[in-house]
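One-letter residues, chain by chain:
Number of protein chains: 4
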Amino acid sequence: MSDMKPIKAGIIGGSGYTGMELLRLLVCHPGAVPACVTSTTHAGRPVTELLPGLRGETDLAFSGVDLSELAQCQVVFSATPNGAAMTYAGPLLDAGVKLIDLSADFRLRDARLWQQWYGRPHACPGLLEEAVYGLPEVNRERIRTARLVANPGCYPTAVCLGYLPLIESRSFDLEHLIADVKSGVSGAGRKASLTTALGEAADSFKAYSVDGHRHWPEITQELNQLAGQPVDLLFIPHLLPIIRGIHATLYGRLKPGQNPHDIDLQALYERRFAAEPFVDVLPAGAHPDTRSVRGTNVCRVAVHRPRGGGTAVVLTVVDNLVKGAAGQAVQNMNLMFGLPEIAGLKYPAFVP
Amino acid sequence: MSDMKPIKAGIIGGSGYTGMELLRLLVCHPGAVPACVTSTTHAGRPVTELLPGLRGETDLAFSGVDLSELAQCQVVFSATPNGAAMTYAGPLLDAGVKLIDLSADFRLRDARLWQQWYGRPHACPGLLEEAVYGLPEVNRERIRTARLVANPGCYPTAVCLGYLPLIESRSFDLEHLIADVKSGVSGAGRKASLTTALGEAADSFKAYSVDGHRHWPEITQELNQLAGQPVDLLFIPHLLPIIRGIHATLYGRLKPGQNPHDIDLQALYERRFAAEPFVDVLPAGAHPDTRSVRGTNVCRVAVHRPRGGGTAVVLTVVDNLVKGAAGQAVQNMNLMFGLPEIAGLKYPAFVP
Amino acid sequence: MSDMKPIKAGIIGGSGYTGMELLRLLVCHPGAVPACVTSTTHAGRPVTELLPGLRGETDLAFSGVDLSELAQCQVVFSATPNGAAMTYAGPLLDAGVKLIDLSADFRLRDARLWQQWYGRPHACPGLLEEAVYGLPEVNRERIRTARLVANPGCYPTAVCLGYLPLIESRSFDLEHLIADVKSGVSGAGRKASLTTALGEAADSFKAYSVDGHRHWPEITQELNQLAGQPVDLLFIPHLLPIIRGIHATLYGRLKPGQNPHDIDLQALYERRFAAEPFVDVLPAGAHPDTRSVRGTNVCRVAVHRPRGGGTAVVLTVVDNLVKGAAGQAVQNMNLMFGLPEIAGLKYPAFVP
Amino acid sequence: MSDMKPIKAGIIGGSGYTGMELLRLLVCHPGAVPACVTSTTHAGRPVTELLPGLRGETDLAFSGVDLSELAQCQVVFSATPNGAAMTYAGPLLDAGVKLIDLSADFRLRDARLWQQWYGRPHACPGLLEEAVYGLPEVNRERIRTARLVANPGCYPTAVCLGYLPLIESRSFDLEHLIADVKSGVSGAGRKASLTTALGEAADSFKAYSVDGHRHWPEITQELNQLAGQPVDLLFIPHLLPIIRGIHATLYGRLKPGQNPHDIDLQALYERRFAAEPFVDVLPAGAHPDTRSVRGTNVCRVAVHRPRGGGTAVVLTVVDNLVKGAAGQAVQNMNLMFGLPEIAGLKYPAFVP
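Chains as they are written, first to last, in my numbering: chain A, 65 to 416; chain B, 65 to 416; chain C, 65 to 416; chain D, 65 to 416.
Read the hints as simulated data drawn from the structure, not as lab findings. Small disclaimer: the values here were computed from a predicted structure and weren't measured. Some clues are possibly wrong.
Identical copies carry no separate label here, and so any pair may be met within one copy or between two of them.
What the hints assert, rightly or not - Straight-line alpha carbon distances no greater than 30 Å define the calculated DSSO-like cross-link-like pairs of lysine-lysine that follow: (1) K410 x K72; (2) K410 x K69; (3) K410 x K319; (4) K255 x K319; (5) K319 x K72; (6) K255 x K69; (7) K69 x K319; (8) K255 x K72.
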């Protein structure tokens with residue numbers, strides 16, 4: 065990469081958690097450089113005020129949103145709340161900029177479904193078809209040539225990667241999938257909120273949105289596509305008193321009549337992900353912990369079949385802000401610009 | 065109670081978490097008094113060294129195990145590791161003492177099953193039949209007259225209470241129950257252990273013992289009995305980075321052909337637990353958090369049927385050291401001695 | 065107390081942390097009853113929505129602020145943000161109600177100093193002289209007869225109690241006191257705030273307001289009064305990633321020429337607090353932890369003189385919401401109404 | 065560095081926290097390679113079992129301690145408990161290996177003092193004189209040519225760096241220094257211990273070893289040397305419920321007669337550390353948090369003089385396992401082998 069000019073990247077919404085994480089990754093990226101990072105709230109202030117870890121590494125300051133300035137970038141990451149990216153996606157694409165949207169604006173391909181879950185009409189339904197769902201383990205080739213990438217949600221990343229080999233195997237009952245998922249508080253974003261206050265969420269645990277969560281239609285859409293048929297998924301999120309990390313516990317039953325001994329789950333998973341740089345299948349019997357992926361772009365997976373029975377239990381962990389957001393976005397950028405897929409993403413997790 | 069002489073209670077194993085919690089509850093109990101509390105490690109030291117919260121409330125000191133002294137008590141709580149209570153249960157019962165065992169020694173009624181899960185022969189299989197499983201919501205009347213109570217495990221309490229109305233309703237498929245449960249670290253007891261060190265377990269989350277946990281046969285035994293037929297339960301425990309608390313997320317599918325609209329889950333649960341002093345069914349749509357039962361003997365329950373589908377999702381929370389151990393043991397003592405069931409157990413939880 | 069009619073208590077600002085804690089304590093109080101609890105935000109909702117621990121114990125609902133209704137109470141606790149109590153203190157007192165203010169409105173006796181630290185003129189400076197600073201260990205007799213009690217801040221409680229015997233001994237240099245104090249996040253109140261978000265404050269630690277904190281003039285005023293001369297105190301607060309609890313590490317040097325061997329600090333502290341129901345002096349060599357007072361009205365104290373040198377190091381812990389706020393307010397109420405000082409305040413802390 | 069052969073490094077005690085952190089840093093180091101890592105407990109097992117974050121990055125396995133194999137390394141890091149390194153330092157140095165000891169064995173230059181604090185005679189007092197105290201900000205040139213480096217303790221690093229400019233300024237009273245320091249639990253090492261169990265240490269806070277801590281003589285020795293005269297330091301450690309991180313709050317009074325306005329503390333600190341790659345002086349008024357250095361080799365410093373008075377308050381934060389242990393050791397290795405001082409140490413911290 066040393067003889068290439070670094071890719072000029074813009075970030076819209078740089079003072080949220082995913083925006084800050086994009087900044088960290090891009091400042092240290094060998095083939096890209098953050099050229100412009102916007103924040104309505106913090107415009108004018110150096111980014112190191114929010115990210116002291118970058119002191120000495122960058123002089124960048126937050127700026128207001130200026131589409132003509134962003135149009136000078138080769139790629140723009142949109143890390144705003146839902147509903148913003150769809151208002152400027154058209155102009156940016158028209159200006160020849162590639163857009164990676166980390167919000168939910170382009171994740172659902174059905175505009176009516178989007179409206180149903182997000183409570184307003186979609187502003188540019190015409191782009192929904194073109195947007196590529198940015199899960200490289202499924203859509204790598206389409207991402208390479210995409211103008212517009214819908215970066216997956218954090219839960220959908222953990223759930224889809226875990227179910228991928230199960231569904232592709234065609235051996236499992238798709239009508240009774242259960243995803244019992246647990247997320248750290250940073251999944252809710254960087255904002256003042258009583259729900260995720262330390263005084264409220266620490267030393268406690270609870271489920272939430274059991275009756276419906278916006279990531280359910282997104283996951284279902286992707287699993288349907290993988291399966292080539294509708295799946296029936298129960299998706300139950302919980303709030304963990306940790307900062308970063310998602311743990312998905314995924315249940316899938318063998319189809320009736322399928323002999324459990326005919327299928328080697330461990331081999332199935334290892335084979336499926338053998339070439340994947342960011343999916344790590346643990347040895348049989350393992351239990352991944354969320355800290356083992358903290359700060360990294362890795363999804364670790366373990367697969368079990370308790371007491372030799374007919375139900376597979378798949379455990380996956382991701383860092384919701386990296387593989388579940390900013391890291392996956394950079395992985396997508398690498399693919400879109402012909403960089404090595406792992407460029408800028410090889411920090412090892414530290415324990416403890 | 066004011067004219068009764070307080071019940072003399074002994075505690076074997078008073079320096080573990082359940083023993084310490086028994087002490088806290090008994091020191092403040094209006095109808096009982098801790099007369100003797102043993103600890104091999106701490107013999108001779110005042111109990112307030114471990115429980116500074118009781119400074120000024122009690123002069124009790126830990127003593128060594130002396131069966132003749134314990135035989136002076138009316139009730140003995142055994143809060144030792146598994147395998148100890150079964151060695152002295154016989155002599156204590158013979159001396160006319162009532163025994164409430166908080167270990168697993170008397171929870172399984174089948175001595176061969178016990179040996180299979182606990183790795184040694186049972187020392188007094190003859191008592192297994194007599195022991196009453198101390199879940200008052202199921203066995204209240206038998207507990208009143210029992211000499212020997214097997215106090216339920218923490219997970220079994222949370223899981224059995226949550227499944228109770230479902231199973232009694234006879235409307236659910238008993239072959240595909242899934243209990244995805246999460247426990248704070250105190251469930252592992254008071255001991256030096258790398259697994260539950262703050263440096264290892266804080267700010268992280270993982271599943272464990274996915275391929276088999278000793279609470280599985282216990283839960284299955286009780287659910288089988290409730291159902292009057294064998295159930296098939298998947299039981300998947302996880303380790304929460306919290307001190308106290310269990311959260312069970314329980315899945316149950318309606319039987320094939322059963323119309324979801326024919327069953328009012330909320331009413332079913334409210335009716336079943338209406339008279340229970342320590343089971344609180346939350347309003348429809350609620351998500352109990354573990355902190356709402358911290359330090360208390362309450363089990364809070366919420367029941368959902370996401371998107372009106374055929375699967376019930378039951379959420380239960382207990383404090384593993386209170387309703388899941390010492391509090392339930394005191395509730396059992398109250399029943400066995402004709403005291404008000406709630407005596408000494410009405411501390412409200414504080415938030416935050 | 066059984067033949068007295070319970071005292072009717074009102075709470076203004078019942079949905080903050082101190083208001084909620086007052087509710088918990090008053091609902092269980094043997095000699096008082098919460099008759100009215102206001103919350104602008106939650107008016108009309110049952111208090112158990114915020115305090116599930118009180119489900120089954122009270123039917124009370126939040127109401128709007130109605131002075132004529134509050135005037136029916138015998139005592140009103142004001143648990144609002146600073147600046148509110150001073151606007152209705154006059155009318156309530158005129159109506160014959162006793163007022164215990166948990167905000168800072170009546171803590172400083174000098175109206176100009178108040179204005180300097182709180183940024184606006186005081187609304188009823190005439191009441192500042194009458195208000196009694198509600199630290200029973202110092203002002204017990206004056207509290208008994210007070211109409212208006214200024215309940216101390218959480219830091220001032222921990223610092224003043226720790227310095228009390230030192231200052232009274234007249235052996236220490238009052239010009240170089242250093243209070244290095246650490247507080248859990250609930251000290252900031254129940255509100256959405258980025259600073260105390262779990263994602264920001266967990267697994268981290270920092271000092272704050274090193275250059276000036278509003279509790280400094282309050283502490284200084286009280287220590288000056290105790291000493292009968294101006295003291296020079298450095299007060300450095302830090303934010304702990306815990307929910308409840310304050311730990312003060314207090315430094316005081318012997319006066320020049322004072323022989324360290326002439327003073328028995330342990331005896332000094334034990335003697336000073338021997339009759340105090342809520343101050344517990346630990347044995348020599350001890351290190352109190354904040355959890356040992358969690359949920360309780362106790363202040364634990366340990367005193368050291370490292371390596372036999374000339375500097376005393378006093379360690380104190382309090383629960384900022386109990387002895388540092390609501391518990392101390394109830395203690396003051398007990399004194400003001402001739403109830404036993406410990407009434408309703410004897411919950412023991414649980415560990416872990 | 066690309067044309068140099070990487071330095072062969074050995075690690076003795078690779079399964080403790082500092083050993084694991086050395087492994088993480090060396091596996092990713094551009095100029096060094098871990099050639100051998102010992103662990104008595106884990107000999108034969110791949111290092112990735114303990115460090116899943118390195119899966120795919122290294123095939124190294126733990127081995128038993130074999131001095132002849134270690135003698136093939138150019139540098140050996142000793143990361144064992146105190147008392148081990150002094151038994152093999154001689155042979156390794158004789159074999160031409162450079163030794164960086166992360167234990168306390170070579171930190172005190174006075175063998176009698178060592179014996180007094182560590183409870184046994186020193187095994188090779190003759191090497192104490194030669195050992196260089198590995199704080200690059202003080203001893204950089206001597207480290208470059210050292211054979212034997214005593215890597216500083218975590219507390220001493222945070223305290224000495226913070227006091228350095230104060231002491232060098234000659235304007236402060238050296239007889240009344242107070243270091244109120246707070247450390248996360250990983251400072252106690254990777255071991256099963258009740259004190260640092262999550263159930264015991266989480267959601268709580270306390271001081272410990274107030275009457276004497278082994279880091280006190282180490283700090284005093286270094287400050288004495290800096291000052292050229294004996295200093296009098298009070299050193300009070302506290303246990304934080306966090307995983308990594310030390311926060312030191314350092315107090316120093318101006319000498320009597322010294323006018324506070326004559327000294328610009330901010331400029332003093334900025335000037336002193338301007339050229340230091342791993343000391344970051346924050347802008348005036350700042351409060352560093354421990355998370356801002358998590359996983360990094362940076363020490364952040366802020367300096368205050370509250371209310372313009374005569375006492376400086378210096379705040380420093382380090383990651384006890386990096387700048388306080390393994391990172392500083394790698395920094396020392398870089399100096400000893402003529403590598404860029406920052407090689408392998410430029411990971412930015414992430415927030416949250």
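Q. Against the structure shown, which of the earlier numbered hints fail to hold, in ascending order?
A. 3, 4, 5, 6, 7
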